[in-house]
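S.K.: Sequence:
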Amino acid sequence: MAPTKAVVADDHLALPAGGKNTPLTNTIPISNVQTDIYGLEIWEGTLPIIDLGGLHGPRRSDTIKQLGHACQHYGGFMLKNHGISERLLNDIMSKAREFFHLPEEERMKLYSPDPTSLIRLATGFKDDNQNVFVSRESLKFHCHPIENYVNLWPTNPPSYREVVSEYCVAAKRAEITLLEAVFEGLGMERKSIDQILDNHGQYASLNYYPTCEKSNLGLTFGLRGHTDPTILTMLLPDEVPGLEILQNGDWVPVKPIPNTLIVHVGDVLQGLSNCRYKSLLHRVIVNSEKERLSIASYCYPSNDTQMGPPKELIDDDHPLIYKDYTYEEFYTTMWKQRLPDATRLDAFKVSAA
Numbered sequence: 001m002a003p004t005k006a007v008v009a010d011d012h013l014a015l016p017a018g019g020k021n022t023p024l025t026n027t028i029p030i031s032n033v034q035t036d037i038y039g040l041e042i043w044e045g046t047l048p049i050i051d052l053g054g055l056h057g058p059r060r061s062d063t064i065k066q067l068g069h070a071c072q073h074y075g076g077f078m079l080k081n082h083g084i085s086e087r088l089l090n091d092i093m094s095k096a097r098e099f100f101h102l103p104e105e106e107r108m109k110l111y112s113p114d115p116t117s118l119i120r121l122a123t124g125f126k127d128d129n130q131n132v133f134v135s136r137e138s139l140k141f142h143c144h145p146i147e148n149y150v151n152l153w154p155t156n157p158p159s160y161r162e163v164v165s166e167y168c169v170a171a172k173r174a175e176i177t178l179l180e181a182v183f184e185g186l187g188m189e190r191k192s193i194d195q196i197l198d199n200h201g202q203y204a205s206l207n208y209y210p211t212c213e214k215s216n217l218g219l220t221f222g223l224r225g226h227t228d229p230t231i232l233t234m235l236l237p238d239e240v241p242g243l244e245i246l247q248n249g250d251w252v253p254v255k256p257i258p259n260t261l262i263v264h265v266g267d268v269l270q271g272l273s274n275c276r277y278k279s280l281l282h283r284v285i286v287n288s289e290k291e292r293l294s295i296a297s298y299c300y301p302s303n304d305t306q307m308g309p310p311k312e313l314i315d316d317d318h319p320l321i322y323k324d325y326t327y328e329e330f331y332t333t334m335w336k337q338r339l340p341d342a343t344r345l346d347a348f349k350v351s352a353a
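If you count the sequence shown from 1, position 166 lands on 166 in full-length UniProt numbering, and the numbers rise without skipping.
Derived from the structure by calculation, the hints contain no laboratory data.
Even glycine gets a Cβ: it sits at the ideal position worked out from N, Cα and C.
Possibly wrong hints are sitting among the right ones.
Ranges of calculated distance between the beta carbons of each label pair, as one might list FRET restraints [claimed, not checked]:
hint, residue 1, residue 2, range
1, Gln34, Leu152, 41 to 47 Å
2, Glu289, Pro113, 30 to 36 Å
3, His56, Asp36, 29 to 35 Å
4, Ser159, Asn199, 15 to 21 Å
5, Gly187, Pro58, 20 to 26 Å
Straight-line C-alpha distance at most 20 Å; calculated EDC-like pairs for lysine to aspartate or glutamate [what the hints assert, rightly or not]:
hint, residue 1, residue 2
6, Lys349, Glu329
7, Lys65, Asp51
8, Lys109, Glu137
9, Lys255, Glu44
10, Lys191, Asp315
Working from the sequences, and respecting the hints, build out all of it.
M.R.: Next comes the structure, spelled out in structure tokens:
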């Protein structure tokens, strides 16, 4: 069977979203670790810290509740003890850096404007409508099942395929463990969980944000405000800050924690949860001193998976919000109609039928 294609989310669909007209350099006073009303540890006033190791033992029930609170009230979380070794985290980051330091002509061999390409390099662009520049290179590629795609990947830098394959497999393993717990916490039946997990895909991206001249910082984004058209996104950042999330109308910087992943709720999970969980609005800013790298792993359903909320998530307190639709219908509508993030799911609301 031919590999399933899915649209890999692209910069030019990520429209500025939400928030006050806050300058790109805006920060707010933050502390280190707090505890919120749900007992969650909150990293510097931004996202909860979840210990994935808690799913393996007597703390499983409490950890599942913490995941539910994080998805419902924050739209994401920091993930520690995720099972990916520190050695592998360092290796994938080093390999990404090697790739983006290759000569431009070598990198551009992978350039493609086609969002359905199984592997492609996407580059920055000028948005004349918003009078801003998006400054980023991103190598996007499908990676599950790994044997269907690895031969399409570059062989330069050396050992690229081996390192990236190992990371993608490890990330997929963590994603499955995480999704099992998230779906269980929602109260989904085993049949509904299996329908999604047995028919899902994975793509990934290596992201490079070059430095920006100080005079251009106010007009340059690494990535504009957006949500992800995925179930979950799992992000490995390097040590350079740049990610910001929208909280209470302000863009708040998320400082990286070593060996810790950042997980975003995607649009698909918002739909599946019948809007119990909300996808996370986020953006990336650039700086004038240090380049920044990140590696993202995106979990998405198969094209023909029915994405309406399962019946067990519909009751008097949670009436049906979204009708049945397939993932293929979702991303086709998104791309053809050029829908901004905030309205992607509106086309599938019951009221829109």
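S.K.: State for each hint whether it applies.
M.R.: Consistency of the hints with the structure:
{"no.": "1", "hint": "Gln34 - Leu152: 41 to 47 Å", "in the structure": "45 Å, holds"}
{"no.": "2", "hint": "Glu289 - Pro113: 30 to 36 Å", "in the structure": "31 Å, holds"}
{"no.": "3", "hint": "His56 - Asp36: 29 to 35 Å", "in the structure": "24 Å, violated"}
{"no.": "4", "hint": "Ser159 - Asn199: 15 to 21 Å", "in the structure": "32 Å, violated"}
{"no.": "5", "hint": "Gly187 - Pro58: 20 to 26 Å", "in the structure": "21 Å, holds"}
{"no.": "6", "hint": "Lys349 - Glu329", "in the structure": "13 Å, holds"}
{"no.": "7", "hint": "Lys65 - Asp51", "in the structure": "12 Å, holds"}
{"no.": "8", "hint": "Lys109 - Glu137", "in the structure": "13 Å, holds"}
{"no.": "9", "hint": "Lys255 - Glu44", "in the structure": "8 Å, holds"}
{"no.": "10", "hint": "Lys191 - Asp315", "in the structure": "19 Å, holds"}
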